[in-house]
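Trainee: Listed below are the residues making up each chain.
Number of protein chains: 2
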Amino acid sequence: MNIAYLGMGIMGSAMAANCLKHGHRVAVYNRTASKCAPLAEQGAEVAPTPAAAAAGKEAVLMCVDDAPAVEQVLFGDDGAVHGLTQHADPPVLVIDHSTISAKSTDRIARRLSEEAGAVMVDAPVSGGDVGARAGALSIMCGGPAEAFERARPLFEAMGKTIVHVGERHGDGQRAKMINQMVVALNCVATTEAMRFGEAMGVDMRKVMEAISQGAAGSWSLSNLGPRLLARDFAPGFRLRHLLKDVGFCEEVIQELPPPQNEAFPGTEMVMNLIKRSVVAGNGEHNIHAMSKVFLDDSD
Amino acid sequence: MNIAYLGMGIMGSAMAANCLKHGHRVAVYNRTASKCAPLAEQGAEVAPTPAAAAAGKEAVLMCVDDAPAVEQVLFGDDGAVHGLTQHADPPVLVIDHSTISAKSTDRIARRLSEEAGAVMVDAPVSGGDVGARAGALSIMCGGPAEAFERARPLFEAMGKTIVHVGERHGDGQRAKMINQMVVALNCVATTEAMRFGEAMGVDMRKVMEAISQGAAGSWSLSNLGPRLLARDFAPGFRLRHLLKDVGFCEEVIQELPPPQNEAFPGTEMVMNLIKRSVVAGNGEHNIHAMSKVFLDDSD
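Chains P and X supply the protein sequences, listed in that same order. Quick note: the first sequence, position 221, residue 477 per our numbering, numbers continuous. Quick note: the second sequence, position 195, residue 451 per our numbering, numbers continuous.
In short, the hints are calculated from the structure, not lab data. Keep in mind that this is a model prediction, so the values were computed, not measured. Mixed in with the good hints there might be a few duds.
Identical chains share a label here; the pair holds if one copy fits it or two copies do between them.
[As the list claims (entries may be wrong)] Here are the simulated SDA-like cross-link-like pairs (lysine to any residue), alpha carbons at most 20 Å apart as the crow flies:
{"hint": "1", "residue 1": "Lys416", "residue 2": "Lys462"}
{"hint": "2", "residue 1": "Lys548", "residue 2": "Pro514"}
{"hint": "3", "residue 1": "Lys548", "residue 2": "Ala490"}
{"hint": "4", "residue 1": "Lys291", "residue 2": "Arg281"}
{"hint": "5", "residue 1": "Lys416", "residue 2": "Gly473"}
{"hint": "6", "residue 1": "Lys531", "residue 2": "Arg366"}
{"hint": "7", "residue 1": "Lys416", "residue 2": "Arg496"}
{"hint": "8", "residue 1": "Lys462", "residue 2": "Glu423"}
{"hint": "9", "residue 1": "Lys531", "residue 2": "Glu518"}
{"hint": "10", "residue 1": "Lys548", "residue 2": "Met525"}
{"hint": "11", "residue 1": "Lys548", "residue 2": "Glu524"}
{"hint": "12", "residue 1": "Lys277", "residue 2": "Arg496"}
{"hint": "13", "residue 1": "Lys277", "residue 2": "Gly391"}
{"hint": "14", "residue 1": "Lys548", "residue 2": "Arg424"}
{"hint": "15", "residue 1": "Lys548", "residue 2": "Thr305"}
{"hint": "16", "residue 1": "Lys462", "residue 2": "Ile266"}
{"hint": "17", "residue 1": "Lys359", "residue 2": "Gln328"}
{"hint": "18", "residue 1": "Lys531", "residue 2": "Pro521"}
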């Protein structure tokens with residue numbers, strides 16, 4: 257396909273590179289233009305603005321930080337919406353790999369449809385920079401089935417687990433919210449268990465050997481547990497990003513009708529814990545640093 | 257080996273049967289004698305009292321409900337301690353597969369040593385009735401290495417993952433406590449995520465397809481998640497047993513010096529949630545019924 261990719265961060269540049277490898281024609285744009293250089297070496301065209309990148313393309317993909325950044329790159333002065341083929345048939349695909357709220361996604365999708373006749377697929381990912389480079393991401397998609405199917409060849413270039421969660425704009429973001437809620441709460445399990453074992457003076461390597469393959473087993477326990485024991489908090493996935501993501505969950509929960517809005521004590525607890533730990537200066541650490549406020553200064 | 261097995265519940269009878277299959281000689285005892293019949297058919301000797309079962313044996317194994325039951329079967333009127341070979345060399349092994357507190361284990365081990373010259377190995381298990389029947393349990397052991405090594409042929413008849421956690425009496429129980437803490441907190445993640453998805457109206461089978469193999473993956477999510485969605489709460493592992501086990505964690509946490517005793521907000525949260533759900537009548541359901549207090553009556 258003939259596509260634009262907007263946002264050459266760690267994730268976007270790896271995803272654009274995989275589209276190139278799979279034979280797609282890719283125009284790239286990034287606010288800081290120098291980040292486009294490695295992609296140019298791999299055969300991408302470098303565009304000076306999102307509008308220029310989007311001109312004549314079948315699909316405009318993006319991976320940026322938050323909803324304001326999505327709106328800027330789409331609807332700003334040189335935004336993609338001003339360059340893309342207006343009211344094309346079939347409509348130009350706008351594929352958003354950013355993690356933003358389902359509500360923002362819905363607003364942006366409506367505006368794209370009204371202002372340019374383009375169709376949006378929200379397609380947040382999990383798998384991190386390692387998964388992005390390996391083309392092994394999980395991609396969770398929301399939007400019309402027709403649009404999802406047209407986008408599939410691109411998803412197959414970037415991901416391994418590709419799921420059309422639902423037809424509503426934001427259904428991909430809803431799946432991602434659920435993913436992040438589980439990631440956050442499993443991380444509470446991992447960090448409290450590790451610290452509990454340390455407090456009792458047991459050899460946690462032995463305990464992990466005994467428990468990690470059974471009913472207590474999780475990605476979190478096997479991957480973050482040993483890192484907590486080693487006091488290795490290098491990111492990876494930063495705690496301040498998890499704060500943003502669990503914040504989306506909190507927003508949705510607060511808008512549920514009572515008593516459902518009070519039915520998520522775990523999410524409430526972990527949200528408070530993450531806030532406290534970010535305020536204490538741990539936002540740039542990996543997510544298991546949510547537990548760092550409980551560790552000795554000497555650790 | 258020539259052993260006694262005390263307590264023919266679901267777990268004990270399956271473990272004793274696997275000892276028989278591996279060629280050990282087994283005398284069995286149960287308070288309700290009729291439960292010994294299936295083991296007798298498999299070649300076990302049925303003893304009328306724990307003391308009679310223990311007479312002349314190299315090892316006395318047990319799996320009962322709680323610390324009072326362990327103490328009754330060991331030190332009661334016809335308790336095993338009155339039948340086992342006193343101050344043998346090497347000492348008679350007393351292997352406790354029950355889940356009790358590390359503190360109780362330590363007290364019982366001292367008393368066994370003082371009153372009968374026997375050596376205790378605490379060896380709580382995980383893997384449930386399915387794992388017990390398949391000889392695939394995880395067995396977490398505490399006590400002197402010499403005693404653990406002598407017991408190993410028995411453990412290999414009953415389990416697949418056999419770990420000597422540490423030399424202290426109770427180190428097996430400490431590993432089990434950590435296991436149960438993770439099981440309880442991962443279950444919070446699973447149940448809140450499932451209910452969150454339902455509240456947002458997304459197809460949770462699709463979401464599970466997208467997230468269960470990545471950073472959100474856990475035994476809990478894959479096994480209990482679908483059961484919550486189906487409103488299937490049949491035990492399995494009962495919530496009231498998890499209440500007991502997380503209660504052991506809470507006891508240890510409360511005895512930690514400040515500020516460590518306030519550093520387990522997740523465990524505190526899940527303990528309150530489990531209590532609330534057991535009080536509401538969900539104690540006999542499987543552990544994911546901790547979330548049942550938040551479900552509509554119509555569910």
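Trainee: A separate judgement is required for each hint: does it hold in the structure or not?
Mentor: Hint-by-hint comparison with the structure:
For the homomeric pair Lys416 and Lys462, the shortest alpha-carbon distance between copies (15 Å) is at most 20 Å, but the shortest distance inside one copy (34 Å) is not. Taking CA atoms no more than 20 Å apart as the test, Lys548 paired with Pro514 passes between copies only; the shortest distance there is 16 Å, against 34 Å inside one copy. Taking identical chains as interchangeable, the C-alpha atoms of Lys548 and Ala490 lie at most 20 Å apart only when both belong to the same chain, with a minimum of 13 Å there against 38 Å between chains. Only within a single protomer do Lys291 and Arg281 lie at most 20 Å apart by alpha-carbon distance; the minimum there is 18 Å, versus 72 Å between protomers.
When the C-alpha separation of Lys416 and Gly473 is checked against a cutoff of 20 Å, the pair qualifies only between copies, where the shortest distance is 16 Å, while the shortest distance within a copy is 23 Å. In this homomeric assembly, Lys531 and Arg366 never come within 20 Å of each other (Cα to Cα): the closest approach is 33 Å inside a single copy and 46 Å across copies. Taking the shortest Cα distances, Lys416 and Arg496 never come within 20 Å of each other, neither inside one copy (27 Å) nor across copies (41 Å). Taking CA atoms no more than 20 Å apart as the test, Lys462 paired with Glu423 passes between copies only; the shortest distance there is 12 Å, against 47 Å inside one copy.
Taking the shortest alpha-carbon separations for Lys531 and Glu518, both the intra-copy value of 19 Å and the inter-copy value of 17 Å come in at or below 20 Å. In the homo-oligomer, the alpha carbons of Lys548 and Met525 lie at most 20 Å apart both inside one protomer (16 Å) and across protomers (19 Å), since each shortest distance falls under that limit. For the identical chains of this complex, Lys548 and Glu524 are neighbours both inside a copy (18 Å) and across copies (18 Å), given an alpha-carbon limit of 20 Å. Taking the shortest Cα distances, Lys277 and Arg496 never come within 20 Å of each other, neither inside one copy (32 Å) nor across copies (55 Å).
In the homo-oligomer, the alpha carbons of Lys277 and Gly391 lie at most 20 Å apart inside one protomer (10 Å), although the nearest pairing across protomers, at 49 Å, exceeds that limit. In this assembly of identical chains, the alpha carbons of Lys548 and Arg424 never lie at most 20 Å apart, being 39 Å within a copy and 29 Å across copies at closest. Taking the shortest alpha-carbon separations for Lys548 and Thr305, neither the intra-copy value of 42 Å nor the inter-copy value of 53 Å comes in at or below 20 Å. With identical chains, the CA atoms of Lys462 and Ile266 are never at most 20 Å apart, being 36 Å at best within one copy and 27 Å at best between copies.
Taking the closest pair of Cα atoms, Lys359 and Gln328 come within 20 Å of each other only inside a single copy of the chain (17 Å); across copies the shortest separation is 61 Å, beyond that limit. In this assembly of identical chains, Lys531 and Pro521 lie within 20 Å of each other by CA distance both inside one copy and across copies; the values are 15 Å within and 14 Å between.
Of the hints listed earlier, those the structure fails to meet are numbers 6, 7, 12, 14, 15 and 16, in rising order.
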